[in-house]
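For the protein sequence lines, the chains are A and B, in the order given. Under the working numbering, read the first sequence as residues 1 to 423, first letter to last. Under the working numbering, read the second sequence as residues 1 to 133, first letter to last.
Simulated from the structure, these hints should not be mistaken for lab results. C-beta atoms are modelled at their ideal positions from N, C-alpha and C, and glycine is treated no differently. Among the hints, erroneous ones may be present.
What the hints assert, rightly or not - Just the calculated beta-carbon pair ranges, DEER-fashion:
{"hint": "1", "chain 1": "A", "residue 1": "148", "chain 2": "B", "residue 2": "4", "range": "53 to 59 Å"}
{"hint": "2", "chain 1": "B", "residue 1": "107", "chain 2": "A", "residue 2": "305", "range": "30 to 36 Å"}
{"hint": "3", "chain 1": "B", "residue 1": "122", "chain 2": "A", "residue 2": "309", "range": "52 to 58 Å"}
{"hint": "4", "chain 1": "B", "residue 1": "107", "chain 2": "A", "residue 2": "227", "range": "55 to 61 Å"}
{"hint": "5", "chain 1": "A", "residue 1": "353", "chain 2": "B", "residue 2": "40", "range": "45 to 51 Å"}
{"hint": "6", "chain 1": "B", "residue 1": "63", "chain 2": "A", "residue 2": "354", "range": "36 to 42 Å"}
{"hint": "7", "chain 1": "B", "residue 1": "93", "chain 2": "A", "residue 2": "107", "range": "33 to 39 Å"}
{"hint": "8", "chain 1": "A", "residue 1": "8", "chain 2": "B", "residue 2": "114", "range": "48 to 54 Å"}
{"hint": "9", "chain 1": "A", "residue 1": "305", "chain 2": "B", "residue 2": "62", "range": "48 to 54 Å"}
{"hint": "10", "chain 1": "A", "residue 1": "172", "chain 2": "B", "residue 2": "74", "range": "49 to 55 Å"}
To be verified - Which chain A residues stay away from chain B? Per the calculated CB distances, all over 10 Å, these:
{"hint": "11", "residue": "58"}
{"hint": "12", "residue": "75"}
{"hint": "13", "residue": "140"}
{"hint": "14", "residue": "150"}
{"hint": "15", "residue": "151"}
{"hint": "16", "residue": "152"}
{"hint": "17", "residue": "163"}
{"hint": "18", "residue": "170"}
{"hint": "19", "residue": "173"}
{"hint": "20", "residue": "273"}
{"hint": "21", "residue": "287"}
{"hint": "22", "residue": "389"}
{"hint": "23", "residue": "392"}
{"hint": "24", "residue": "395"}
{"hint": "25", "residue": "396"}
{"hint": "26", "residue": "409"}
To be verified - Heads up, incomplete: computed chain B residues facing chain A, CB under 8 Å, no partners named:
{"hint": "27", "residue": "19"}
{"hint": "28", "residue": "20"}
{"hint": "29", "residue": "22"}
{"hint": "30", "residue": "23"}
{"hint": "31", "residue": "24"}
{"hint": "32", "residue": "31"}
{"hint": "33", "residue": "35"}
{"hint": "34", "residue": "44"}
{"hint": "35", "residue": "52"}
{"hint": "36", "residue": "54"}
{"hint": "37", "residue": "57"}
{"hint": "38", "residue": "72"}
{"hint": "39", "residue": "73"}
Chain by chain, the residues run as shown.
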Amino acid sequence: MTLDTLQHLLRDAAPQVLGAIVRRYGDFAAAEDAVQEAMIAAAAQWPRDGLPANPRGWLFQVAVRRMTDHVRSESARRKREALAFADVPFGLQVTPHTDLDAAAVGDDTLILLFMCSHPALTRPSAIALTLRAVGGLTTAEIARAFLVPESTMAQRISRAKATIKTSGIPFAMPSAAERDARLDAVLHVLYLMFNEGYASSSGTDVHRTDLSNEAIRLARVVHALLPGDPEVGGLLALMRLTDARRLARTGPDGELIPLDEQDRSLWDRRAIDEGLALTRAVLAHGAVGPYQLQAAIAALHDEATSTDTTDWPQIATLYGLLGLMSDNPMVELNRAIAVAMVDGPPAGLALLDALEADGRLAGHYRLTAVRAHLLERAGQPAAAMDLYRAAAARTTSVAERNYLIMKAARLSPNDEARSAGRE
Amino acid sequence: MKYMLMMHAPRTGWETAGIATWPMDDIKAHIGFMKQFAGELQASGELVGAEGLASPEHARIVRAGRNGGPEVTDGPFAEAKEFLAGYWIVDVPATERAYAIAARASAAPGKGGVPLNMPIEVREVMSAPPAEA
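Input sequences plus hints: build the corresponding full structure.
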């Protein structure tokens, strides 16, 4: 059994076993600890002793034993404190086959996702808890992915669980009225998880692929459970189509390589094909949402052989639609780039002026960087160079800063003279 | 023993004289050096942590106000000529090793490949009391 197989097995089983334990005992926080302990025990024992005949049943049994210990020590504590307590069935006659039946398991995974993305939690807590409870990652792995000490991450997760406990969220499917909003929250958490791994908001590594991969895996799980929901399919498609460009997105020193300079032969064809098929399937559905639109935009990029052959008019239209749905100035910023490709840099710059006046992006480095880019294309290298530098001074991402100072260096008259002198 | 190695950069001229104005090859060489340097410290098991800090434009000085809430002013202090650009924390057996690492960081290539000779402040991190005999 390879480490990879083991990990897949454990991660697939994690939400199923956890769901069954929570159903049986009700206490989500304790159940989550019990399952985590069972997973750690499995990771130590299975490679040594071989895979049990029924891995999920094994995990379930071990988690039940942990829960039993927990309930016993809790009752002992309560007795000591002379508090009334209700006797809890210890579940000694465990029947994993009924506890882990297929239909319940699918629902449980969804319920767990809804729980972990609950609006009472901050987004970083929701991501961490989702990774542990549904993704089956250990606290150490999650801490590594977020570049924080393990004790910090352990604390974040246990606080998140305490929040869930005090807010009294039941372990049940949300009502039909609530469901759409809650599913939006789940998708947003997965989207942020993916971006955290793909764009890496902190640290010096551009990719923390474990996070992106886990987000893709979980999006796949949700898609399998809700195949008819076009936004779920849209999100999965968006992730695949974006992740397909990962290898081409950075150079040997970790520097960012923009779309127009990427070696497109490095793009992952299989991921693109899957993303394109998904995008087509969800768009045929009719109920268009923001993830589908973003997937459609990513699809247009991935289908093109170069920026020159990219369908920019279509991209500009899609950003326009997206802007109608979300009123996010970043969307308008992206539309300005597409419009500049269609109607020339002045048209794009005019949109940037409007964004500047709007005020929400005032002083944001991305607005400055896009203006620099359009000025460069408009044949104003000196102005572009100054703005690239100004944007570099303002970004808080190392990779982006390096990218922007190199864009500036490329426009510097000194640099041209220097490289010309060398040749 | 743990040491914090602090890299200071001149406060003025980030956009007009700093790395942003170097020729492309020099920027690449500098970035490549820093990446390799971090990789070496990681491989030798000496790296505890390292972070680069965003430009001082983002820096603010916070003091507790009258009600205990934050009172925020622009910072760092205007008269400061240098600012902290980033740091490494290393765990090494002897001070000399910390100095050697600092010297290597100080010699990061600058414009024209000339070593920058940046000042690196080396400070020992306080540790637990010695075990009782």
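- Residue hint residue 35 (chain B), partner chain A, criterion CB-CB below 8 Å: 6 Å, holds
| query | Is it the case that residue 273 (chain A) keeps its Cβ farther than 10 Å from each residue Cβ in chain B? | reply | 34 Å, holds
Exercise for the section: Grab the minimum beta-carbon distance between residue 396 (chain A) and chain B and tell me whether it stays above 10 Å. Expected result: 4 Å, violated
Classify the label on residue 389 (chain A) as holds or violated, using whether its beta-carbon is more than 10 Å from each beta-carbon of chain B.
4 Å, violated
task: Under 8 Å, Cβ to Cβ, is where residue 52 (chain B) needs to be relative to chain A, so tell me if that hint holds or is violated.
output: The hint holds - residue 52 (chain B) has a Cβ within 8 Å of chain A, the shortest such distance being about 5 Å.
Restraint: residue 57 (chain B) near chain A, CB-CB cut 8 Å. Satisfied or not?
Status holds, d = 6 Å.
* Asked: Is the gap between the beta carbons of residue 353 (chain A) and residue 40 (chain B) within 45 to 51 Å?
  -> Given a distance of about 48 Å, which is inside 45 to 51 Å, the answer is holds.
**Asked** Was residue 409 (chain A) rightly flagged as not at the interface, with every chain B Cβ beyond 10 Å?
**Response** With a cut-off of 10 Å, residue 409 (chain A) comes too close to chain B, as the shortest Cβ separation is near 4 Å.
Practice task
Determine whether the non-interface label on residue 152 (chain A) survives the test: each CB of chain B must be over 10 Å from its CB.
Solution key: Answer for residue 152 (chain A): holds, closest chain B Cβ roughly 13 Å.
Query raised in the report: Holds or violated: residue 24 (chain B) as interface residue toward chain A, Cβ cutoff 8 Å?
Result: 4 Å, holds
Query raised in the report: If you check the beta carbons of residue 107 (chain B) and residue 227 (chain A), does the distance land in 55 to 61 Å?
Result: Between residue 107 (chain B) and residue 227 (chain A), where Cβ atoms are some 58 Å apart, the hint holds.
Q: Look at the Cβ atoms of residue 93 (chain B) and residue 107 (chain A) and judge whether their distance stays inside 33 to 39 Å.
A: 56 Å, violated
Comparing the model with each earlier hint shows violations of hints 1, 2, 7, 22, 23, 24, 25, 26, 34, 38, 39; every other hint is respected.
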